[in-house]
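Novice: Heads up: the sequence shown begins at 1 in the UniProt record's numbering, then just goes up one per residue.
No lab work stands behind these hints: they were computed from the structure.
Do not take every clue at face value.
Unchecked claim - Below, simulated DSSO-like cross-link-like pairs (lysine-lysine); rule was C-alpha separation at most 30 Å, straight line:
1) K37 x K20
2) K20 x K35
3) K69 x K2
4) K35 x K69
5) K38 x K69
6) K37 x K69
7) K2 x K20
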Amino acid sequence: MKVSGTVQYQDLEGGVWVLKGDDGRTYQLAGGDRKIKKDGQRISAEGSIQRDTVTAAMVGPVFHVTSYKAD
């Protein structure tokens, strides 16, 4: 699955990194590396939705990033 959007930090439950997708959805980020965690950065990412993962933040589905590039 491919998702493009803007990385954002949300101060919920100790802090969580999300991807505000161009598709209008919000995804909780998992995977990738430290460089992906830059507030306001636009990225195109490939990965998969982790359907059986429950988190305290509950901001949206968990998107496990396998690769990405900054736009």
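Novice: Hint by hint, note whether the structure agrees.
Specialist: Structure-based check of all given hints:
no.: 1; hint: K37 x K20; in the structure: 13 Å, holds
no.: 2; hint: K20 x K35; in the structure: 17 Å, holds
no.: 3; hint: K69 x K2; in the structure: 11 Å, holds
no.: 4; hint: K35 x K69; in the structure: 10 Å, holds
no.: 5; hint: K38 x K69; in the structure: 13 Å, holds
no.: 6; hint: K37 x K69; in the structure: 12 Å, holds
no.: 7; hint: K2 x K20; in the structure: 13 Å, holds
Hint check: no violations occur; every hint is consistent with the structure.
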